[in-house]
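Protein chains in written order, with numbering that gives the first Met the number 0: chain A, 0 to 544; chain B, 0 to 328.
These aren't lab readings, by the way, just hints derived from the structure by calculation. Among the clues, some could well be false.
[Stated by the list, open to error] Once the Cα atoms are required to be at most 25 Å apart in a straight line, the calculated PhoX-like pairs of lysine-lysine come out as:
1) A:LYS388 to A:LYS527
2) B:LYS114 to A:LYS9
3) A:LYS538 to A:LYS390
4) A:LYS59 to A:LYS49
5) B:LYS270 to A:LYS57
6) A:LYS251 to B:LYS319
7) B:LYS319 to A:LYS134
8) A:LYS83 to A:LYS49
9) A:LYS83 to B:LYS303
10) A:LYS320 to B:LYS303
11) A:LYS83 to B:LYS54
12) A:LYS251 to A:LYS158
13) A:LYS390 to A:LYS536
14) A:LYS74 to A:LYS158
15) A:LYS388 to A:LYS243
16) A:LYS357 to A:LYS320
17) A:LYS83 to B:LYS270
18) A:LYS388 to B:LYS75
19) B:LYS303 to A:LYS49
20) B:LYS270 to A:LYS134
21) A:LYS7 to B:LYS114
22) A:LYS538 to A:LYS527
23) B:LYS114 to B:LYS78
24) A:LYS145 to B:LYS107
25) A:LYS320 to B:LYS75
26) A:LYS250 to B:LYS319
27) A:LYS145 to A:LYS158
28) A:LYS357 to B:LYS75
29) A:LYS145 to A:LYS74
30) B:LYS270 to A:LYS141
31) B:LYS270 to A:LYS320
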Amino acid sequence: MSSSAEVKFKPEEIARIDYSPPSEHWTDPQIDFEAKRGNWCYSGVHKSLKYLDLPVPKTKFAPNDQDWGLPENWKEIILEGLRKRLDRFRSLKVFMDICVRCGACADKCHFFIGSGDPKNMPVMRAELLRSIYRKEYTTAGKIMGKMVGARDLTIDVLKEWYYYFYQCTECRRCSVFCPYGIDTAEITMLVRELLAEVGMSIDWIVTPVANSFRTGNHLGIQPHGVKDSLEFAADDFEEITGIKIDVPINKKGAEVLFIAPSADYFAEPHYYTLLGYFALFHEIGLDYTWSTYASEGGNFGLFHSHDMIKRLNAKTYAEAKRLGVKWILGGECGHMWRVYHQYMSTMQDEPSFLEVPKSPITGTVFDHARATKMVHLAEFTADLIRHGKIKLDPSRNDHWTPTYHDSCNPARAMGLLEEPRYILQNVCNNFVEMPENTIRENTFCCGSGAGLGTDENMEMRLRGGMPRGSAVRYVQENNDANILLCMCAIDKATLPALCDFWAPGVEVGGVHEMVGNALIMTGEPERKTDLRGQPLKGKEEVENE
Amino acid sequence: MSLWFSIFLLIVLIAIPLIGASIPGFPLLLGVIIPYAAIAIFLVGFVMRIIGWAKSPVPFRIPTTSGQEKSLDWIKYAKYDNPHTFWGVVVRMALEIFFFRSLFRNTKAELRGQKIVYGSNKYLWAAGLAFHYSFLVIFIRHFKYFVEPIPGFVSLIQFFDGFFQVGLPILYLTDALIVAALGFLLLRRLLDSRLRHLSHAADWFPLLLILGIASTGILMRYFIKIDVVSAKELGTGLLSFSPVVPIGVNPLFYIHLFLVCTLIAMFPFSKLMHLGGIFLSPTRNLANNNRAVRHVNPWNYDVKVHTYEEYEDEFRDVMKAADMPLDKE
Ligand code: HEM
Ligand code: SF4
Ligand code: SF4
């Protein structure tokens, strides 16, 4: 992936960005999809749509085709859908009405910074919907039209929505800066719902959703495949650390159900984080289990619709109940945590069968999770370190100079900022921060979240990733940073291509990978390599012997 | 285009009372009927808008978190940028409403070669605050035209506003500030090509209208003296529901009044409703305590799920072959 990106694009070309808007009035929705290849995603395949009982277009289409196979009554469906959502979501109604177009959000979006396309300014993205809202619901819009930013709903408008609402990663950075908190991510979510009602959705969302629905994880790996992967990883772990571990799967009566994004056991560099989990759970003797039915933390439904969030999320509590665990622990993932933190307790019935999470090692009661009964692994590990319950040798990470990328959702839909930093300060000696406008609540998206981490839109991904890439480059040049850590499966999947492009030489890893490296395990032989099998600092010669 | 349209509209709105002031019967219309109508439209419109918003529920608790959340006891959390309690939310909202907290964060991203650098950018925040507070102070100062005796706090504000004692009549600070701030906001929209691109009549017009109101007010106070006593008679008369129509007041006064009525009447139907909306914004007015306190969605409905039984039914054979535990053999 990364190499093909390099062949096709060059940083100096991508970085030649013209921020001056065109002279045409923005209400013209025409998009030349053919010319804009590299900026949009393929539409959802019918098999996945059907499996999920979703509306299927009349024809198979790619966005650069003329005919998108819309149903006859597409206009009715959209307008009725919009009306329904205005009645259901106060957020939408208020956001449609109160934007003053002050422009504070404009240069806060990574897609605008990286592309200069004025419709990637969050305010303009929202105007794409607002213009229809005005025409349909306001008197001024009906009479004065374009003068007050109102326009008719046409098929071209729908295509324009498809183009731009799949150029928003729902990262909420704009919302932090908006004086009214207008959250373009919320608008994007609702427009995507509308589009899906007339059969317009992208494949890198509906197929992972269909897979997750059926098999529990987004790659569609069947239960025995999950088991194989985990056991293979356990063997690998033994080879690296010399310690044999157990991997409990679908174990009834365990104390804790552990849910991580499935990429942790299927993809690199996620895999090393998985080894980190193994090390930690084994060392503290946690009575836990993996689940194959709920083998995906990352809820791709979030990128599709509120219904779909709920359809996938239902598995978490159902599985916790079936297995009879006491509480749930969640691994390193971004959008997974948006759902667990902001949606789960509202969408599902109260999990009265669970207990308020309590660390069996330190006795800490996680009171802030008393309703959902679900704790983030970073919270759990930070608590262990704070109580001195694990022995750490941070010098085992001395070959790394890590920096930390806050993922959008934990940062701006949760506020999980200190825990990972506390952990990193305890497991590494060389941790450095990127510039303050690019971290914590100001963090920049990887540019590939919310279902956009696919190949056909690589140009837009590289553009959207430019602010993050630029910040990584900064610490690479000034502090010799050589690894970008994160707690998000999408980040781990997409940042490597970005780093290769914007800051070549910087690797990508996870926080618990660093924990696994530093963790001194009972009875372990001398550790010569890290979890990647790379020699530790001062142990390089061992390799050559 | 939409700017020219807005300017044209403003000129028409100025011309109506300018010409009308000398037509018999018009002062009654401009001084009594239109002001009452405008206030009525405002009150009804405002309430309807708020009810309209409030009718839609808040299905999910989705605050935008702008700081550390409340989690472990020993980790200091951002009480106001990421509130966990009701009072935290109250402070967060107060900071937004009185100090434009979020706008204060504003930065400016610039491309230098292949790098992006961020500079602090507080001009909009400063001009925005200057405009709103000047507007508020001027609004309060106007009470003196509606009630007799003048309430103490109005005199006090007036005293501080004229604190520097320059000019005769004494220059009010807010008069200068509001014009400067409006000028900045207008120029900003005009000169920044992105803002010009995205502004439409609904953005230009309120700025121009308020600038028109402020300028006519300033003209009356400092340059073309009008009969203040008659104006006050009208004001007190309106408020006590026994209106008197003053005769022979300078048309400038009618222009000022007519523009104010336009502002009042259009308020509920324009972006100026951000005054009400800011209180209802679900990303700001909710506590980030989702994992501790369950938020209830009134329209929560059941969706089709894939149960474990269905899952095991489909995969029972492979699970059995892989020696995995099964619920049903
Ligand atoms: C609770 C009360 C209010 C709050 C918290 C508030 C807040 C804000 C903020 C944060 C902005 C964006 C920044 C700026 O352009 O200054 C703004 C814009 C604006 N406000 Fe208010 N406002 C309030 C009431 C009002 C009222 C009563 C009016 C006028 C009658 C008004 C007129 C405007 C206008 C015209 C703009 C747009 C400025 C532009 O186009 O650049 N606001 N307001
Ligand atoms: S910051 Fe908010 S009010 Fe200002 S233009 Fe953006 S969305 Fe509109
Ligand atoms: S949510 Fe993120 S990607 Fe979407 S408009 Fe806002 S800043 Fe851009």
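Now for the hints, and whether the structure bears them out:
About 24 Å separates the Cα atoms of LYS388 (chain A) and LYS527 (chain A), which keeps this hinted pair within 25 Å; it holds. Restraint check for LYS114 (chain B) and LYS9 (chain A): satisfied, since their Cα atoms lie roughly 14 Å apart, inside the 25 Å limit. For the hint pairing LYS538 (chain A) with LYS390 (chain A), the CA-to-CA distance comes to about 21 Å; that is within 25 Å, so the pair holds. Restraint check: the Cα-Cα separation between LYS59 (chain A) and LYS49 (chain A) comes to about 13 Å, which is no more than 25 Å; the hinted pair holds.
Of the pairs offered as hints, the one joining LYS270 (chain B) and LYS57 (chain A) is violated, with about 40 Å between alpha carbons and a cut-off of 25 Å exceeded. Taking the CA atoms of LYS251 (chain A) and LYS319 (chain B), the gap is about 16 Å. The hint holds against a cut of 25 Å. At most 25 Å may separate the alpha-carbon atoms for a hinted pair to count; LYS319 (chain B) and LYS134 (chain A) exceed this at roughly 59 Å. Of the supplied pair hints, the one linking LYS83 (chain A) and LYS49 (chain A) holds, its CA atoms being roughly 24 Å apart against a limit of 25 Å.
The straight-line distance between the Cα atoms of LYS83 (chain A) and LYS303 (chain B) is roughly 20 Å, inside the 25 Å bound, and the hint therefore holds. This hinted pair checks out: LYS320 (chain A) and LYS303 (chain B) have alpha carbons roughly 19 Å apart, not beyond 25 Å. Distance check on the hinted pair: LYS83 (chain A) and LYS54 (chain B) sit about 13 Å apart at the alpha-carbon level, within 25 Å; holds. Of the supplied pair hints, the one linking LYS251 (chain A) and LYS158 (chain A) is violated, its CA atoms being roughly 49 Å apart against a limit of 25 Å.
For the proposed pair LYS390 (chain A) and LYS536 (chain A), the alpha carbon gap of about 19 Å is at most 25 Å, so the pair holds. Between LYS74 (chain A) and LYS158 (chain A), the direct Cα distance comes to roughly 13 Å. Compliance with the 25 Å bound is thereby established for this hinted pair. Between LYS388 (chain A) and LYS243 (chain A) the CA atoms are separated by roughly 21 Å; this keeps the pair inside 25 Å, and the hint holds. As the CA atoms of LYS357 (chain A) and LYS320 (chain A) are separated by approximately 17 Å, the hinted pair is consistent with the 25 Å bound.
Restraint check for LYS83 (chain A) and LYS270 (chain B): the C-alpha separation of about 23 Å stays at or below 25 Å, so the hint holds. About 21 Å separates the Cα atoms of LYS388 (chain A) and LYS75 (chain B), which keeps this hinted pair within 25 Å; it holds. Taking the CA atoms of LYS303 (chain B) and LYS49 (chain A), the gap is about 14 Å. The hint holds against a cut of 25 Å. In summary, the hint linking LYS270 (chain B) to LYS134 (chain A) is supported, as the alpha carbons are separated by about 15 Å, within the 25 Å threshold.
Of the pairs offered as hints, the one joining LYS7 (chain A) and LYS114 (chain B) holds, with about 20 Å between alpha carbons and a cut-off of 25 Å not exceeded. A C-alpha spacing of about 6 Å is found between LYS538 (chain A) and LYS527 (chain A), which places the hinted pair at or below 25 Å, so the restraint holds. With a C-alpha separation of about 34 Å, the suggested pairing of LYS114 (chain B) with LYS78 (chain B) is violated against the 25 Å cut-off. Taken as a hint, the LYS145 (chain A) and LYS107 (chain B) pair is broken in the structure, with Cα atoms around 29 Å apart against an allowance of 25 Å.
Pair hint LYS320 (chain A) plus LYS75 (chain B) does not hold up; C-alpha atoms about 34 Å apart against a cutoff of 25 Å. As the CA atoms of LYS250 (chain A) and LYS319 (chain B) are separated by approximately 15 Å, the hinted pair is consistent with the 25 Å bound. In summary, the hint linking LYS145 (chain A) to LYS158 (chain A) is supported, as the alpha carbons are separated by about 19 Å, within the 25 Å threshold. Straight-line distance between C-alpha atoms of LYS357 (chain A) and LYS75 (chain B) comes to about 20 Å, which keeps the hinted pair within the 25 Å bound.
With a C-alpha separation of about 20 Å, the suggested pairing of LYS145 (chain A) with LYS74 (chain A) holds against the 25 Å cut-off. The straight-line distance between the Cα atoms of LYS270 (chain B) and LYS141 (chain A) is roughly 16 Å, inside the 25 Å bound, and the hint therefore holds. In summary, the hint linking LYS270 (chain B) to LYS320 (chain A) is not supported, as the alpha carbons are separated by about 49 Å, beyond the 25 Å threshold.
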